[in-house]
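In the order they appear, the protein sequences are chains A and B.
Each residue of the first sequence is one higher than the one before, counting from 1 in our numbering.
Each residue of the second sequence is one higher than the one before, counting from 257 in our numbering.
Quick caveat, the hints were computed from the structure, so don't treat them as lab data.
It should be emphasised that the depicted structure is a prediction, and the values quoted were computed from it without experimental measurement.
Restraint-style ranges between C-beta atoms, simulated for each label pair:
(1) B:Ser-265 x A:Pro-189: 38 to 44 Å
(2) A:Met-19 x B:Lys-749: 25 to 31 Å
(3) A:Val-143 x B:Gly-437: 30 to 36 Å
(4) A:Arg-89 x B:Ala-615: 24 to 30 Å
(5) B:Asn-795 x A:Thr-215: 53 to 59 Å
(6) B:Leu-788 x A:Asp-139: 52 to 58 Å
Here are a few chain A residues that sit away from chain B, every Cβ distance over 10 Å (derived from the structure):
(7) Tyr-6
(8) Trp-8
(9) Asp-95
(10) Arg-200
(11) Ala-204
(12) Asn-216
(13) Gly-234
(14) Trp-235
(15) Tyr-240
(16) Arg-246
Cβ atoms here follow ideal geometry from the backbone N, Cα and C, with glycine treated the same way.
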Amino acid sequence: MNLTLYVWRQKNRSDNGRMVKYDAANVSSDMSFLEMLDVVNEQLEAKGEDPIAFDHDCREGICGMCSLVINGLPHGGQKGTTTCQLHMRHFEDGDTIYIEPWRARAFPVLKDLIVDRDAFDRIMQAGGFVSVNAGGAPDGNAVPIPKDSAELAMDAASCIGCGACVASCKNASAMLFVAAKVGHLANLPQGEVEMDTRVRNMVAQMQEEGFGGCTNQYECEAVCPKEISANFIGWMNRSYLKTTVRTPYQSKAGGE
Amino acid sequence: MILDAKIPSGPIEQKWENHKFNLKLVNPANKRKFSVIVVGTGLAGGSAASSLAELGYNVTAFCFQDSPRRAHSIAAQGGINAAKNYQNDGDSVYRLFYDTIKGGDFRAREANVYRLAEVSTNIIDQCVAQGVPFAREYGGQLANRSFGGAQVSRTFYARGQTGQQLLLGAYQSLARQIGLGNVTMYPRTEMLDLVLVDGHAKGIVVRDLVTGQIISHSADAVVLATGGYGNVFFLSTNAKGCNVTATYRAYKRGALFANPCFTQIHPTCIPVSGDYQSKLTLMSESLRNDGRVWVPKQKGDKRTPDQILESERDYYLERKYPSYGNLAPRDISSRAAKEVCDEGRGVGETGLGVYLDFADAINRVGEKVVAERYGNLFDMYERITGENPYKLPMRIFPAVHYTMGGLWVDYNLESTIPGLFVLGEANFSDHGANRLGASALMQGLADGYFIIPYTIGDYFARTGAKKPSTDHAEFKKVESEINDKTNRMLGIKGKRTVDSFHRELGKIMWDNCGMARNEASLKKGIARIPELRDEFWKNVNIPGSGGELNQTLERAGRVADFLEFAELMCHDALTRNESCGGHFRTEYQTEDGEAKRDDANYCYGSCWEYKGVGQSPVMHKEPLAFENVHLTQRSYK
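Just chain B, same shape as in the assembly (with noise of 0.2 Å):
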C-alpha cells in the first residue's frame, strides 16, 4: 500500500491557499443532492455538521450522549491557542507552527501543522462572533495568558471553562441548523460499525441506547470526529462514555490506524485516591502559570509541607528547565513527576503526588487575583480531596488525557478508505508524539469550520452522489454481524463484570505501555493482553437483554473493541526504537534522562493496517519531511 499524503506542492505558505483552489466545487444547487454523517458533537463533529449544514448539504448526525452539548470537549478547561499577535510579543503564524512541530518532537506533518495555525485566527473570529463569552481586558479586547510549551502569550480563554464555551458555540449552531431542518440528530446513539459499499464509506450501523434496536444510516460520505481512546487505561481524564469504538470498526474495514502509542500523560491531575476510583480530573495546565512545582528534597518526608523549609525543597522543573521552569511541556513535566516520585520523594499517601504551590503567587497579586484566575479549579480540587488550595499546595500527579494517535488522514483528512473524513482527536494529523495545551480546540475546530467544509466538496465532485440504499446487502450483512456479536456477549453469563475487565485491562497498559515503556514492558502486554481478552469472552457477565436501555452491554462492547486495540498499541510501541514525546522507552534516553530521538531510523508515521484479531498487524510508514524546521534535540531548558 502506497500512502499518498496530498500534500500540496509549493512553498509552505501558500499550500493551503493554493489547494483550495484546486480542490473541485459542487454548486449550490448540487449541494442539496449529497449526504453526510457525521458521528460525534464535539469541537470537531458539531462545528463539522453546522458548517457542512450551512453549506446546503444534508447532514445526519450522530452522538451517544443524550444530547450534542455534553460531548467531552466540553471538560476542556485552559484555553485555545491562535497566532493573533495581540498582545505584540513576537507571534505569528510561522512560530505557532513552529512550536506545535517542535512541541510534538518532530513527528507531526508540516504541511497540516502550519495550515493549523494558518487558520487558528478564524477560529477565534468565528467564536467571537457565535457569541462565545472569551475573558477581556478592560479596554473591551480579547485576553490572553500563556500555556506550556510556548513563550509567547496566545491563549485565549472563557475563564476556566474554555471548551464548555467554544463547545456551547458549535452546538448552538449545530441547533440552529437542527431548528432549520438541515441537520438531523440522533442522540443516545452509537455507532458500532462502518459499512462500505465498492471501497467507499457510505454509511455506519448504530445502537439506538434507548430500544436497542440495531438501525443502518446510509449517505454519500461519513465523518468520523469521535475522540480519542485514552480510555483504554480504565483511569484517564477521559469522560466515562468516551470509547475506540468508531475508529476502531473504521480499522477493521481497512482504515489504518496512525501512531496508536502516542497518548499523552497530563502533569496536572488529582492523584488516585482508592480503588473504587472511577475516572481522573484534570487541573487546567493554566495553573502551571502561577503555581510552582516541588517535592522535598529529602526521600521519604512525611512532614506536612507548611514545615519543609525553603531550603529543603526541590523546585525540580525551574531547577532542570530554567528557562521554561513550570511551564515545560506537558510529557517532560509528567517524566519529570514520575522521576522525583521514582526516586522516593513524592507526596501524599501514596507517595504518588507532587505539590503544585500557590503560596508565591499568593503573596504577589493576592488571593483575590488568583481566586478570579482560577477560582473554579480550586473549588473543583476542594469538592475532591476535602483540601484547600488557598492554604495547602494542591497535590497533582500525572493521568493519561489525550491520544495523539488516531485514523491516518490525508492533507484533506480523509483516511485509506475513500470517503471515510476523520476529525479532531480522532485523527493522527496535527499533534506529532505531543500535543501542546489549548491545542486541542484549536484543531477540532480548524478540522470542522474551515477544512472540512473545502475537501469534502472535492470527494463529491469527483465522485458524484451515489448515496446507496439500507436495504443494500453490504448494510445487512454487517447488521446481521452485530446482532450476532451482540448475542454472543449477552450470552456467555460469566462470572466476572464488565468493568473488572477493563481496569485490569487499564493496570496492564498503565505498567507496560503507559508513561515509561520498554520491550520487556511491551512483550508482556502483548502476551497478557490476549489472555485477558479470552477470558472476557469466557467469563464476562452482562445483566439485561440487547432489546432495551442497557448501560452494562454498551460498555461491553466498548471494552471488548479496547481488548483488541491494546495489543496494537503495544506493538506500535515496540516497534518505535526510539523515544520521542508522550513515547519514552526506557533504553531510550539521553544522559539527562530526555527522551532521545532517531531520525535517522524512525523519522515516520506508523500506520498499521489490520490482519484479524489475534494476528500481528502490517505496518506502513508515511516519511516525514522537514522542509521548513530543522530537526533538532527538543530542549526547554
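Okay, chain A solo, but in the shape it has when bound (with noise of 0.2 Å):
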C-alpha cells in the first residue's frame, strides 16, 4: 500500500517545529508501524536527509521506550497495543497518516518525536518502591499473599511508564501512572508499610513536576498499552484522602 505521512519535525529542544510531508511508497500489511518508518528513514539515509528520530529499543510492547501520537492517538489507538506493535494492517491503501510526539509540558521535546519523560523516574524517586535493601529478606513464602490481591498487583505493575496516558490527557495528567505504582504496591503487604510516604510524596513530586490534575475523562485508560484501570485512580485519591487525616499523629522521632 501506498501512504501520505506528515510527521512533526524538531531539530532540537528550542526549536519551533513543523509538519513535513512524506511519501511512504509499497507498505507492506505484516509491517510493524516502526518498520514503516525505519524503511522511510532508509530512504532519507540514501538520500543524505535526517532521517525521522524517534525513541524505541525492545519493539515487542514491554520496554515502554516508544510513543508516537498517530492520528491524533498515543500508539495510533488500537485496543492494549504500543506503536511497536500496531500493524500497518490496520490501515488502508491511500491514508494519510499525522504522527506526533506526546504532548505535555512536562514532557518536553528533544528531537522530532522524542520527548524527555525524566519526569517519571523523578516521581518513582520520591517514592515509588520499597525500602529494602539487599540481604536479610525473609523467605519468599513467609507471608502467604492471597491470590487476588498478587493479581490486582500485577494489574497495576504492569505499567510500562510510557507516558501514553499523559499525552492522551487534556489536563497532561500522570494521576494513572503514579496511582499504578502506588495501587502495585499497596496491594502487597511488602509496600504496605510506606503507603502513607508513598503516596503523598509520589503526588507531590507529580505536581511539581507541572503535571496537570485529574478530571476523570478516562482518556488514559483507553490508550494505555497495558490496559490499566482508572479505578486505581479513584483508589489513590482515597489512599490520599486517608493519609492527610492520619498525618498529624507523629512520634517524637519524626518520620519519613
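Combine the two chains into a complex, taking the hints into account.
See the structure below:
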C-alpha cells in the first residue's frame, strides 16, 4: 500500500517544529508501524537527509520506550497495543497518517518525535519503591499473599511507563502512572508499610513536575497499552485523603 | 598470560562461604571514599548499582535508554529459576547446579555455577521483599512452573512478564538510591570506551546522546553489565539498541573475551515475514509446557493444519526425546526444528517454521485456563501475525536469543583488567555452551545483589582509593581517539546506509556462524567480514553531525564494532573442533545427529586476546576441571 505521512520535525528543544509531508510507498501490511518508519528513514538516509528521530528499543511492547501520537491517538488507538506492536494491516492503501510526539509541558520535545520523560523517573525516586536493602529478606513464602491481591498488584504493576496516559489527557495528568505504582505496592503486604509516605511524596513530585490534575475523562485508560484500570486513580485518591487525616499524629522521632 | 580463575579451595558446598570470609572488607565509614561506575541498568547493572549504593559506595550509573527501567531484561517472559523446592518434587541446590552444568553441555566453571544455584533462593526472597508480584497459589504461596532442561518445577514467574517485574524491582531499588543521592544516574548516555590508568580500569568515556558531547567519568572501579551481542546477527530477539560496544572496547583495552561463538538460538520465535523485518519476537519457552511441536510427516505438505490428520503429523520432539518431550533444552529443540525444515517439512509461506499446537491443552483444561497461563503471549502472537492461536496452531522458528560468551571473569567476576568487573549476560561465566530457560534472570540478579557487593570490596581493600582526575592524560587520549573516529565516520558520506551494512553482516553470520557451522562456512565468514568492514569505512553514509541527537551515528558506532567482533566469533568457532551446546559443528555429530563433544581436547574456555584490527587474536585456555559432576554425553531421550 501507499501512504502519505505528515510527521512532526523539530531539530532540538528550542526549535519551533513543524509538520512535514513524506510519501511511504510499497508498505507491506505485515510491517509494524516502526518498520514502516524504518523504511522511510532508510530512504531519507540514502538521500543524505536527516532521518526522523523516534524512541524505540525492545519492539515487543514491553520496554515502554516507543511513543508517537498517531492520527491524534497515543500508540495509534489500537486497544492494548504499543506503537511498536501496531501493524500496518490496520491501515488502508491511500491513507494519510499524522505522526506527532507526546505533548505535555512535563515532557519537553528533544528532537522530532522524541520527548524527555525524566519526570516519570523523578516521581519514582520520590517514593515508588519498598525501602528494603539487598540481603536479609525473609523466606519468600513467609508471608502468604492472597492470590487476588497478587493478581491485582500485577494488573497495576504491568505499567510500562510509556507516558501515553499523559499524552492522551487534556490536562496532561500523570495520575494513571502514579496510581499504577501506588496501587501495585499497596496491594502487597511488603508495600503497605510505607503506603502513606509513598502516596504523599509521589503526588507532590507529580505536581512539582507540572503534570495537570485529573478530571475523570478516562482517556488515559482508553489508550493505555497495558489496559490499566482508571479505578486505581480513585483508589489512590482515597489513600491520599486518608494520609492527610492520619499525618497530624506523628511520633517524636519524626518520620520519613 | 596465565589465567587464574581464583576458585576457592575446599568442597564445592563450602567454597562461597569460605571465600566470603576470606575476602577483605571495607569498613562502613570508608566505603564512601570509594566510587564505582556501573554501565547498564538491566537486572545485573540495576541490582549492582542499588546494592553497592546501599552499602555506602558512591555509584555513577549509565544507560543508553531514556530511563534505567527500559533495559532489555524487561523483555524476559517466562520466569526465574530458584532451588526452593517449594513443590516437594526433589529439587535442591545441587540439582539446580547439576542441571545447569549439564544444560551448558559441560563447558561452564563448576564453582561459579554452584554459587549461582546457592544464592538463587535469596533472590526470590529479595524480590518478594521488594514487592515483585509473583504468581501465587490460592493458599497465598508462591507458584512454580517447569521449564526446559529440568524435571522439577522450580521456575517462579509473574504472568508472562517476569523479566519486567524483576527489572522494575531492581529499578525501584535504584530509584530509591538515586533519590537518596547515593547514585548519580546518566540516562541517554552511551559508553564508548574504557580508560585504564596504570593498568587498572579507572573510568569510561561516554557520549551524551542528546547533546552529542564526549565526556569522561572516573572512578575507583568499573562494572560492565551491558548485556549480550546477539545483534551481531541483525535479526535477533534482542532490543534494537543492544550492542557489543562496551565489552568489545574493554576487549580492545586488554580484557580477554571468552567463548564468543557460544550463542543461543531460541526455538520458539515468530518466523520472519519479510525483508523489512527489524527484529524477531520470542514466544516464551513456557509455552512448551502445554504446546506440542509438530510438522507434517510428508515433505512439502501445503495443506492447512486442520486438514492434516493426527496420523500424518510428526511430533518430532516427543518422538526423539520421549522423557523430556516438548521441554527438551533450547539448543536441541532449535536444531531439531532446523532439521525438519531442511528436510522440506517446514510450514508457512517460507517453509521456515514448525507448529506449536495448543489444541490438546485447550481440550484438556479449557480455553480459559490456557488464556490465564499464556493470554498475553497469545495476544502478542495475534497482533504480530494476524492469526488466532486459540484456533490455529502457532508457527514458530528458532532465532538468535542469548549469548553465553562474554568477557572472561574470575570467581570474583573480575576480568583480566584489574578493577574491571563484568556481570550478567556480558560475562561468560555460568551457562557454558547453552543456557537453560529462566536462568538468565537468576544470573543477572545473583551477580548484582549477592556477588559483586562482596567481591568488589576486596578489590578496594587491596588497592585503596585511587580515583584519578578526568584531566589525566589517559582520559584526554581516549577522548581524542573517539573524536577522531567519529569525525572519520561522519566524513565518509558514501552511498550505503548503516542498516544495509548491519543486515548484510547479519546474513553472513547467520549463514556461516549460525545454528550450524563448519570449517568451510567459518573460513568463508572470516574472508567476507573484513571486506564488508572495509566497504563500511569507505561507503557508509551518516547524515547530520556529532554535536546533536543523531540516531544514525549511534547505530553506526555499534555496527562498526560488530564488524570487528564478528570476525572474533568466527575464529572462536573455527578453533573449537567439537560440537557442544549452541555451538554445532556439522563435522562433529553423533550418528543420530546430536552434538558430539570432545572432552579430551576441548574441555576448556577459549579466552581471546586482542592483537589489532584484522590480526588473528591469540587464544588462552582456561581448563575446566569437573570434580563434582561426571562428564557424560548429554541425553534428554
